[in-house]
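Visitor: Here are the chains, one letter per residue:
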Amino acid sequence: MGFETCKDVWVFIECFQGQPKSVGLELLGQGRKLADSLKQDLCAVVIGKEVEAAIKASGDYGADKVYVVKGDEYENYSADAYGHVFLELCKKYDPNTILVGATVNGRDMGSKIAVSLRTGLTADCTALSVEEESGNVVWERPAFGGNLYAQILCSETRPQMGTCRPGAFKKPEVNPDNHPEVIWVDIHTPAAMIRTRVIDFITACADNDIRLDEAEVIVSGGRGMRGPENFAVLKELADVLGGTVGCSRAAVDSGWMPQTRQVGQTGSTVSPKVYFACGISGAVQHVAGMSESGTIIAINKDETAPIFEVADYCMVGDLFEIVPALVKELKARQQG
Amino acid sequence: MGLIYTEEQKELLAMVREMAEIEIKPYVQEADEKGECPRELFKWGFDMGLHMLEIPEEYGGTGLSYETTAMIFEELAKVDAGYAITFVTTFVALRNVILAGTKEQGQYFADKIAPGGFAGFALTEPNSGSDPAAMRATAVLDGDEYILNGTKTFITNGALADVFVGFFKTDPAGGHRGISAFIVDADAPGVTVGAHENKMGLRLSNTTDLIFENVRVKASAMVGPEGSGFKLALNALNLSRAFVATMAVGIMQRALDEAVKYAKERKQFNTPIIKFQMVQQMLADMAIKIEASRCLVNNTMRLMDQGNLVQKEGSICKTFVSDCAQEVTSNAVQIFGGYGYSKEYPVEKLMRDCKVFQIFEGTNQIQRMTIAGVLEREYK
Amino acid sequence: MNIVVCIKQVPDTTEIKIDPVKNTLIRTGVPSIMNPFDKNALETGLQLKDQYGGKVTVISMGPPQAKAVLREALSMGADDAWLITDRAFGGSDTYATSYILSQAIGKLGPFDVILGGKQAIDGDTGQTAPSIAEHLDAVRLTYILDLQVDGDKVIARRQVEEGIEVIETVLPVLCTATKESNKPRYGTVKRKIASLKAEIPEITLADLVGADQSKMGLKGSPTKVKATFTPQRTASGVNIEGNNPGEMAGSLISKLADAKIL
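Residue numbers (the working numbering), protein chains in the order written: chain A, 37 to 372; chain B, 2 to 381; chain C, 30 to 291.
One thing to keep in mind: the hints can contain errors.
[Unchecked claim] Simulated pairs of lysine-lysine, DSS-like, Cα-Cα distance not exceeding 25 Å:
id, chain 1, residue 1, chain 2, residue 2
1, B, Lys11, C, Lys226
2, C, Lys284, A, Lys364
3, B, Lys26, C, Lys208
4, C, Lys136, C, Lys84
5, B, Lys44, B, Lys113
6, B, Lys44, C, Lys136
7, C, Lys284, A, Lys337
8, A, Lys309, C, Lys284
9, B, Lys44, C, Lys208
10, B, Lys44, C, Lys212
11, B, Lys113, A, Lys337
12, B, Lys344, B, Lys356
[To be verified] With the Cβ distance kept under 7 Å, some of the chain B side facing chain C (calculated, not the full set):
id, residue
13, Glu9
14, Leu13
15, Leu14
16, Met20
17, Met49
18, Gly50
19, Thr63
The set of hints was computed from the structure by calculation and includes no laboratory data.
Nothing here was measured: the structure is a model prediction, and the numbers come from that model.
Think of the CB as a built atom: it goes at the ideal place given N, C-alpha and C, for glycine as much as any other residue.
Produce the complete structure using the sequences and hints provided.
Guide: Structure, rendered in C-alpha cells:
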C-alpha cells in the first residue's frame, strides 16, 4: 500500500497529576496485539512535567520503546502544547498507528492531530483487529446510541488513528522484567503558542465518592427506583461491597441523580468487576455503557426486560426487597 | 380528530405540548392536593407567550386567531385546566379593556400583562352571581377620582393579579344600567385579597375574595362610558364563554386518553376490559361527545374571528360542552373502577375539575334562558 | 458578540429499534430531532447573547429536511440560519464535514464564539466540532459548562473526568457543550410562527469560493466504513431462584463466592 516507511504502533499514555491513567495502559495491551500483527514495535508516548511513573508503567505493561517529552509547559493538558508535541513526534518518527484513550482530553487531542495530519481518526473504539493483506487496522465502534456497530478503515493515509473507550479493554499482565528503550525527545512549546491556561481545578465528588470510571463495583438504579430518596438503598449495597452508585439516563432525566453518575452512551462508560442493574430496563444506550463489565447482575420486576439478555445473573423480583436482602446477607457473611 | 390543522397550528401545539408535559405535568398532582400552583410554574407559559396570544400586536400580543388560541388552550388544559384558565382570565380581561376602553387604557393594561403579569375580573359578589345588577359595590365620584367600596367573591387570579377590571355601581338605584367598569391596580391602597377559596376542582387556579375599601382611582380609569359596565361584562362573558369550552374539551380528551390506555391494559376474566361491550359503549360515547364538542368550539371560534358577537353561539357552545364533560369524565372514572376513585390515578381530578364549567361564565340555566331569548327575537 | 452554532438533525436514537429478523436498524417512523447536545450549545450561545449582546447564527450541514432544526433554532431565539448543502458534501466523514463547516464559518464570519454539541447521537464520534477548531486554528474548549467573557478574555469551566478545570484564554474560541452545561429554553409562539415563515438561505459548494474540494465528500474522507452490524444479544444468564428475597439473595451471593467474584 505504500506505507513501508511508517512504522510502529504508538499508544498515548495519558496522565493526571503525574500518574498514568488506566486507559493508556489498557491500550498497551491492544497495541501489542496490533504491533504483533503488523510485525512492528509497540511504543508508548509520554508527555508531561513528571514522567517517571508513566515511563515505568509503559515498561511494565509491555512497551518496546517509550518516547518521552518532558517540560514544565506540559504539566496540564492543553490542546496547543500536546498537539504540537505529537505533530513534531510524528514528523520525526513517522508512526503507522496511534491509539489514544477516548477520554475528554484524549478525544480533544486526537481530533487536533488527525486534522493537522489530514488523516483518519475513528472515535470511541471497542474492538481492534488488523487486515492481514493491507495492514489496515479495523476500528470497530458503536453508533446510533449503541444500536449499530461499524467497522472503519483508514486506508489511504497514515498514521491511522483511533480513540478507544476506557474500560473496553483489559490491562495486560504486568511484566516487571520488560525494559523498553527510552527515547528522550527534546520538544519545547513556546508560551506564545499555548493559548489556554488552567487557572484552577475543582475535584469531582466532594463527598469522597468513588468515581464511576474507577469503581470495582457499581450498583446502578434506573426508572424502577421511583424516586431520588430510594437510591439510599443502593448506596447501602455499594458501601458493603466497597463500590459506588450509578444510574441510567432515566434517573438523570427525572432529576433523581446528577449526570455525573449516569452510565451509558451519553454518560460514562464503565467496566467494573461487578455491575448491579436495579430497576433498569436495559435500553441499548445504557447497555452500551456497561456491557464490558466483568459480571452483570440484573434485578427487575419485569421478566421481559432487555437487561436480562446481557446479565450474567438474573433476579426477577422487587428490588426494594432483594437489595436489602443482599445487604443483610453480605453483612452476615462479613461478620461470620 | 375532526379538525384540520395547518402546519403552523401543528407546530405550535407540539411546542406547547412538550413544554406542558415536561415542565407542568410533574407538579400537577401535588399542586392539586395543596390547592395552589407554585408561581414559578407560570413562568413557562409567560416565556412562551401564552398570556397574550390573541391580543393584537400593537399591544405587544401575538395577534393569533381565536381559533388557533383555542387549540393551544385545549392542549394546555389536557395537562391542567386550572393552569390554563389562569392565562385565559388574564387575556380576556385585557381583551375587554381593548374592546371597550381607550387606546391609552388598553396600552396601560397591556403593559402590565406583557412582562409576565396576571389580570382578574372583579364582577361577582356573595349576593350577586347570576344577577349582576344586584351587586352592592359602589363607585362614588369625588372631584376627579372615584372612591370604590365593596367585596367581590370567586375572583380568579385574585391573589396573583397585578391589575383588575372591577365592576361597581356608580348609580346604586340604576339597576344594571348603574354599573360601571374600572381599571384597578392590585397594589392600590385599600385593595385587599380576602379568603382563598378551597375548591372542588381547578385547584391550580387561584380563586379569592377581593375587598375594596375606599380605593381611589382616577376618573380616567373608568372603562367605557358611565353605566356601560353591564354591557361590557356581558361582552366579556360572551368571549370567555366559548373559551372555557375549549378547556373542557382538553379535560375530556385527557379523560378519554387515560381511559382507553387503562382499558387496554386492565384485564378481568382474562380479557382486556376494552373488549367488553359496555366499556366500549362508554368509550364510544365519550369519543362522540368530544369530537362534537371540539368541532363546535372550533366553529364558534371562527365566528368570533369574523367579529361575530356570538351571543347565542357562545352560550350553546359552553352549555353543550360543559354538559358533555360531566358525562365523559364520570365515565372515565367508571372505566377505571375502584382505582378511578383513588387520588393515585388521574381521572377523579378530571371529574372534579369539570363540574365548575356548568356553573361559571354564567350557569348553564342562565345560558338556556339566553338562548331561548335569542330564539324568541330571531323568529319574527 | 458574534456567535455561530453548528447544529445537526439526527434521528431520535432513543426511539430506534432493531429489526429482529433482518438485524438492521428500523429507521422509518423514527422522528428527526435537533441533536440534544447541539441544543445545549445553542442555549449557551443564546445566554451569551442575553448577557453580552450580539447575534446568534445557526448553521447545519445536511439535506433540505435539516431546515426543520434550523427553524427550531430560530424559534428559540437564533437570529440567522443557513443550510450548508450540496451533493458534493455527501458521504463526508468527520474530517470532511468539519472542513466544510469551517469553510462556511469562514464565509459567514468572523465570529467570536463558535459552538457545537459534545457529540451527535447518531455518529457518536464527538470529533466534528473540535476538528472545526483545527481547520480554523481556533482555540478549542471541549466539554464546557459555561464561559464568561471580559473584553477579549475568556474564563471557561470545563468538565473532565476528575473534576472541573477552570481555563483562561482569549477570543475567538470554539466550545462544545454537554447536557450539564444548561437547560435549553423553549421557543416562543411569536418566534415559532416567524420561523415557519422564514426563508432559510442555502450555502452550496459554489458559495465556498476557494475551498479545497479534495477535502469534501466521500473522496475527502480519510476514514471509510467497511461494514456495519447490529449487536447480537443472547440471553445466557443464570436465573436466580428463591421462595423469598432472602433466599434469592443467599443464592446469588453463594454463586458469586463460588465463582470468586466476591
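Visitor: Does C/Lys212 lie within 25 Å of B/Lys44 when you go C-alpha to C-alpha?
Guide: Between B/Lys44 and C/Lys212 the Cα gap is close to 15 Å, so the pair holds against 25 Å.
Visitor: Would you settle whether the hint for B/Met20 is holds or violated, based on the nearest Cβ-Cβ distance to chain C being less than 7 Å?
Guide: holds (5 Å)
Visitor: Between B/Lys113 and A/Lys337, does the CA-CA distance stay at or below 25 Å?
Guide: Given pair B/Lys113, A/Lys337 is violated - Cα atoms ~53 Å apart, limit 25 Å.
Visitor: For a C-alpha distance cap of 25 Å, please report whether B/Lys11 and C/Lys226 respect it.
Guide: This hinted pair holds, its Cα atoms lying about 14 Å apart.
Visitor: Under the criterion that the straight-line Cα-Cα distance not exceed 25 Å, is the pair C/Lys284, A/Lys337 satisfied?
Guide: holds (21 Å)
Visitor: Does B/Lys344 pair with B/Lys356 here, judged by a C-alpha cut-off of 25 Å?
Guide: Measuring from Cα to Cα gives roughly 17 Å; hence the hint holds.
Visitor: Would the pair B/Lys44 and B/Lys113 pass a check requiring their Cα atoms to be no farther apart than 25 Å?
Guide: holds (15 Å)
Visitor: Is A/Lys309 within 25 Å of C/Lys284, Cα to Cα?
Guide: Distance of about 15 Å is within 25 Å: holds.
Visitor: Quick one, is the B/Leu13 hint okay against chain C at 7 Å, beta carbons?
Guide: B/Leu13 check passes; min Cβ-Cβ to chain C is 6 Å, inside 7 Å.
Visitor: Given B/Leu14 as an interface hint, is its Cβ closer than 7 Å to any Cβ of chain C?
Guide: violated (10 Å)
Visitor: For the pair supplied as a hint, B/Lys26 and C/Lys208, is the alpha-carbon distance within the 25 Å limit?
Guide: Holds: B/Lys26 and C/Lys208 sit about 22 Å apart, inside 25 Å.
Visitor: Under the criterion that the straight-line Cα-Cα distance not exceed 25 Å, is the pair B/Lys44, C/Lys136 satisfied?
Guide: Roughly 39 Å between the alpha carbons, so the hint for B/Lys44 and C/Lys136 is violated.
Of the numbered hints given earlier, the model fails hints 6, 11, 15; all others are met.
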